Amino acid sequence: MRTEGASEQTESVSAKAEDASENTEKASMEAKRAPMNTERAPMTTERESMTTEREPMTTERESMKSASRDGAPLLEVDDVVVDYRRGRSTFRALKGVSMTIGAGECVGLVGESGSGKSTLGKAVLGLAEVTSGTIRFAGQDITHLKGAARRRLAADLQVVFQDPYGSLDPTMTVGQILAEPLTATGTSRADARTTVAEMLDHVRLPADTVTRYPSEFSGGQRQRVAIARALVRRPRLIVCDEPVSALDLTTQAAVIDLFIDIQRETGVSYLFVSHDLGVVRRICHRVSVMYQGECVETGPNETVTRNPEHPYTQRLLLASPVADPVRQAERRRSWLQLRAPAASPVA
Amino acid sequence: MTEAVLPPPGDAVQAQRRLWSRFLRRPLGVTALAVFLFVVLVGLFAPLLAPHDPNLVDLGLTQAPPSSEHWMGGDSAGRDIFSRLLYGARTTVYGAAVACLVGVGLGVPAGVAAGYFGGITDRICSWISDGVQSVPGMIVLLIVAAGTGADFTVLMVTVGAFMAPGYYRISRSRALAVRKEPYVDAARVAGLTHTRILHAHMFRAVRAPVIIQSALTAGIAMGMQTGLQFLGVGTASTPDWGQMMNDGFRTMGTHPLILLWPSVALGVTIAALAFMGSTLADLVSVRTEPVPRRRRGARPADETTARTGELAHTVERSVLRIENLRVAYATAHGDKQVVRGVCLDVAPGEVLGIVGESGSGKSQTMFSALDLLPADGRATCDGIWVGGQAVGDLPRAKRHALLGTRIGYVPQEPMSNLDPCYTIGHQLVEPLRAVHGLTKAQARDRAREVLLQVGITDPDRVLASYPHQVSGGMAQRVLIAGAVAGKPDLLVADEPTTALDVTVQAEVLELLRELQQEYRMALVIVTHNFGVVADICDRVAVMKDGRIIESGTVERIFAAPADPYTAELIRASQDDTESRDDLDAAWNETEAEAGRKVHT
Amino acid sequence: MIRFTIRRLLSGVVLLLVVTSATFFLAHLAIGDPTAGLLGNNATPDQRAALHEQLGLDRPLITQFWDWFSHAVRGDFGTSWRNFQPVSDQIALRVPVTLSVVLAATLLAAVVGLAVGIATGLRPDGILARVLKVASVVLFALPGFWVSLVLVMTFAVRLKWFPAVGYVPLTQSPSAWLSSITLPSVALALAAIVMIAEQLRNGFMEVTKQDFVRTLRARGLSSRRVTTHVLRNASPAALTVLAVMFVGLLGGAIVVEIIFNLPGIGSLTQSAAQIGDIPILLGLTAVTVVFVVLVNFLLDLVLGWINPKVRES
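Protein chains in written order, with the working numbering: chain A, 1 to 347; chain B, 348 to 947; chain C, 948 to 1260.
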């Protein structure tokens, strides 16, 4: 949430424009759903592999399910430790975290500030130095990948950051921003233009967006541009670092739906980092809960966001107020009960 | 796909695309540029323009006054001053160009590398830069001048080396700032090489400040150059302004004109450069066009607006009552209304929520109630009452006397709301002494007491701490303690939990509830989160585009929202929406449906 | 805090050694054979050879350096090559004059800059603020010696309020001393004044926008008390400028002293450089760097005191 105040006035115009656009877009999305990448397994197969009790829908899906089960997951994080150096002392941001993400899957990483959830995303992207443990992507050890090898990985591994204001170079047009990852790796300008147009369509932005500058867009629209930039190389995994937490609630909903649609269209996997259990519940198949550099609970979405086992997750769930006075009163009572034995002043 | 999704091009873009054309619209900038270009051209074409040989000695011309043949007269050696002045421009411009090129060539790459790579590169480069800055430049320049037989180019290269730290510092700080921007991380993840990132993002970011710095540097280089020449460095065969000033200085008492000409030439040239630089700097740093002076302090009263919102209590029974509040900001394109006719009130012990998304005017409404709007904002209303007393027409000082005594304020962002330079103790004690007239000991006791009340178990340690030494949750407790220390009747809280972690949010919300009940305060809480409303509020006003679109008791609003926007906001609170499993199940269903249709 | 102090002083000493050593080699390489300059153009080759040997210039450069360096670290900068007087004596004679001017200019810059900065910071749209903005642009860029010439022409030659040239020691007549350093100090200080004021004004505008200022107001503090908070937060940038300006003033003083004919280090530097009197030049370099290191050290201490966060990082 950005600080309000003087900035509020300048935003209201664009915010209003966006409100209108988000609503109309929802309607137009239905018509737009066409598979973009046919080589990749449709999203649904992976889902089947996780909710095993559900009856498989077609035999074709059944066969693909077993294939993905036999094969290694797309991303494997194994006992990863990350230390940050602060002057002379070191701070252990991750204390041996393990997780996996399958193809076409969305795995949520929930936690509060300092829990290490963003650090894990950075470690996967190669933006944080891993002290020990391994990270494998499609079977390849990428833990300490550097230079050209890491750059090659960029075709498969992308990112969407939280801050829609800082994540786009203000001096470049949207077209330049989106084409940069392509032209930098040798794609011709004409091909890059075609791909950029295609991706803008994917994120439901008009084609003339390419000639405009990031400052002309509202937060939600910028985040769409950031998503398009992550998509241009047709990656297999996108690390989403709090991609909606800087947006207004109604905009959040539209952007989350966009993430889901894109996953269905392209079969891309997400590592979705967020502090908001509500957001994670809507978009993720599985959820890991982080607390002080450790993963305290991992499980299917429904379990973690409704009936968590770990006391910390329970506390997290009960702490976020629900938009219903009666249920909130209940939730608060449960929260107070849970808090009572601990009786530790937070902060 | 919807059309007209995008707002019209904003000011910031114009700033980038049309910096040049905006520069040309600044009279001062254009004049400065014209003067500078004139000097450059004169320097370039001096041999064609000069009416006389600048070194030709005509004893009859010695210290001669201006004449039609010799427009500026002659100097002490009998040479034509005007011609020497033209040739001097050549020397001056050449020297400044050499110094700037060397400064840019050394400083900018080093600065960008230091800022981008950080670590050891940064430490080494910064140490060298600091070292160069602490070297007495004039002494070294004199040594170089003495040693090289006053080779002018070598001398100006040395001047350029002393200018490099200036370039280094701005490049480094820009690169450092840009390095922290997520778009550089995004570029790395996108597979760009360091070289390409440096080229595409870093040098782009430093371009404007380097140009501005160059205008400044060129001026300073001209100053140093002329200073050295004034001291006698240089060759007699090439005329320069420093020599001419020295000549004039020696005959200052009798022939002041000889000193005047080169001094004016130097002064005007340097001033032109300085104004060019400052105009550019203004254009780059100011994102939006300046507000014309006469339009400052907009009066929002002109616009007739319908009143929105409801008043639930009588004047006497309300702690705060606002009638028909309008807030406007002065902008370059006229006034901008951000609050349009808001009415609200709150009774003792009541909790009122003001809910809305960013840009709805909820914060502006609250700052108007506190009379703490930013300087370019103006609030007008039909009436504002605090504790049943009309305060709308009170002078500013009387209005502010309500703050800290009748009204307490809890801000959103805990860290930025504590003064980093003072201890927390000082910040809590100061208002208690200055506003409430307590003695130092009494104030400290009271501060300790409220800190205990907000759940801080070791108040003495916290009182002695500086803001950066405590956590965000602790800082928010301190701010709440500061707000209630004066035992106000009304507490205004601006998104008090938004910047905090979820578990801390719940604690702070619980704390606000406890304090509100203990002090029997009225509480106005501004939030975007309907969960917070459901948790703590008695009544709620929903705002959109500066208007209250709906207000009422919490039970009524949640049970039966009258406005579709309210319903949408409540729905968007995510918590009980469908999970991904539900969404996928529904999607599979429709896909299967579609598949069947295709097959049949 | 003690560790901070020691580290700062240590890095200052290292800087001093590096800069003076670098200057040693630069001077020897640039000037080469100084005997021509020292003896004048009429000297015979024999005379020059004799002096060359007497000064030890026939030894390898590294030997000469070690000889100079081992004495210099003990505070012995040798003797001048021209009159064979100890370097330290000659510099000690000149430093009080330069310091008088530079310190007076610094003081002037600090006091006036602070006053103007606060006045314009409180009224950022006022007349004074607009004047300051224009003045800061011009005066920062114009060299001190140019300003000196204007001042001399106006106040000494035309109006005759101050002596045009010359220096009177403080011990001889305090009032004459003051009037002899007034114009040079003002000439040096003008640029610093406007820079500090401008910096402070920007700082004021920056800090006034901060959230905590609004919160302080919301606690009911008076404008005067809020201004105190703002000033403390805005002052580090202005102080940094003051320290940087001090370094600039030392350099600028060289030319200004010559215009006002003050017997400070300026004229000594000029004459030493002209004839290639390297020991004097090295001594002067060392003295100025010591001042620079001291001022930066003081600045760090003050900044740490103003904002404790700086001290810890």
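No wet-lab data here; the hints were simulated from the structure. All values reported here derive from a predicted model rather than from experimental measurement. Heads up, some of the hints might be wrong.
In silico BS3-like links for lysine-lysine, alpha-carbon gap of 30 Å or less [to be verified]:
| # | chain 1 | residue 1 | chain 2 | residue 2 |
| --- | --- | --- | --- | --- |
| 1 | C | K1156 | C | K1256 |
| 2 | A | K146 | B | K527 |
| 3 | B | K527 | C | K1107 |
| 4 | B | K787 | B | K834 |
| 5 | B | K834 | C | K1080 |
| 6 | C | K1107 | C | K1156 |
| 7 | B | K834 | B | K745 |
| 8 | A | K95 | A | K146 |
| 9 | B | K683 | C | K1156 |
| 10 | B | K787 | B | K745 |
| 11 | B | K527 | C | K1256 |
| 12 | B | K745 | B | K683 |
| 13 | A | K95 | B | K787 |
| 14 | B | K787 | C | K1080 |
| 15 | B | K745 | C | K1080 |
What follows is a list of derived Cβ distance ranges for each label pair [to be verified]:
| # | chain 1 | residue 1 | chain 2 | residue 2 | range |
| --- | --- | --- | --- | --- | --- |
| 16 | B | E796 | C | L1069 | 33 to 43 Å |
| 17 | B | A424 | C | A1123 | 57 to 67 Å |
| 18 | B | L448 | C | R1105 | 53 to 63 Å |
Partial selection, computed: residues in chain B whose CB lies under 10 Å from chain C [as the list claims (entries may be wrong)]:
| # | residue |
| --- | --- |
| 19 | S423 |
| 20 | G772 |
| 21 | V782 |
| 22 | L785 |
| 23 | T786 |
| 24 | P911 |
| 25 | A914 |
Cβ coordinates follow ideal geometry from the N, Cα and C atoms, glycine included.
Structure-based check of each hint:
Between C:K1156 and C:K1256 the alpha-carbon distance is near 20 Å, which keeps this suggested pair within the 30 Å criterion. The suggested pairing of A:K146 with B:K527 holds, with an alpha-carbon distance near 20 Å, which does not exceed 30 Å. With a C-alpha separation of about 58 Å, the suggested pair B:K527 and C:K1107 falls outside the 30 Å cut-off, and the hint is violated. A C-alpha spacing of about 18 Å is found between B:K787 and B:K834, which places the hinted pair at or below 30 Å, so the restraint holds.
Proposed proximity of B:K834 and C:K1080 is contradicted: the alpha carbons are some 45 Å apart, above 30 Å. For the suggested pair C:K1107 and C:K1156, the alpha carbons sit about 48 Å apart, so the restraint of at most 30 Å is broken. This hinted pair checks out: B:K834 and B:K745 have alpha carbons roughly 18 Å apart, not beyond 30 Å. Using a Cα cut-off of 30 Å, the hinted pair A:K95 and A:K146 holds, with the two alpha carbons roughly 23 Å apart.
Between B:K683 and C:K1156 the alpha-carbon distance is near 20 Å, which keeps this suggested pair within the 30 Å criterion. Simply put, B:K787 and B:K745 have alpha-carbon atoms about 25 Å apart, close enough for the 30 Å limit, and the pair holds. Restraint check for B:K527 and C:K1256: the C-alpha separation of about 20 Å stays at or below 30 Å, so the hint holds. Taking the CA atoms of B:K745 and B:K683, the gap is near 28 Å; set against the 30 Å cutoff, the hint holds.
Of the pairs offered as hints, the one joining A:K95 and B:K787 is violated, with about 47 Å between alpha carbons and a cut-off of 30 Å exceeded. Among the hinted pairs, B:K787 with C:K1080 is inconsistent with the structure: their alpha-carbon atoms are about 42 Å apart, more than 30 Å. For a cut-off of 30 Å, the pair hint linking B:K745 to C:K1080 is broken: about 34 Å separates their Cα positions. The given range of 33 to 43 Å is respected by B:E796 and C:L1069, whose C-beta atoms sit roughly 36 Å from each other.
B:A424 and C:A1123 have their C-beta atoms about 36 Å apart, which leaves the hinted 57 to 67 Å range violated. For B:L448 and C:R1105, the Cβ-Cβ distance of about 41 Å falls outside the hinted range of 53 to 63 Å, so the restraint is violated. Taken as an interface hint, B:S423 does not check out: its beta carbon lies about 16 Å from the nearest beta carbon of chain C, beyond 10 Å. The beta carbon of B:G772 comes no nearer than 13 Å to any beta carbon in chain C, farther than 10 Å, and the hint placing it at the interface is violated.
With 10 Å as the threshold, the beta carbon of B:V782 comes within range of chain C, its nearest partner Cβ sitting at about 4 Å, so the hint holds. Hint status for B:L785: violated, given a least beta-carbon distance of 13 Å to chain C, over 10 Å. Of the supplied interface hints, the one on B:T786 is violated, with its beta-carbon coming no nearer than about 17 Å to a beta-carbon of chain C, more than 10 Å. Because the closest C-beta pair between B:P911 and chain C is about 35 Å apart, greater than 10 Å, the hint is violated.
Taken as an interface hint, B:A914 does not check out: its beta carbon lies about 33 Å from the nearest beta carbon of chain C, beyond 10 Å.
Going down the numbered hints, you'll see the structure goes against 3, 5, 6, 13, 14, 15, 17, 18, 19, 20, 22, 23, 24, 25, while the others check out.
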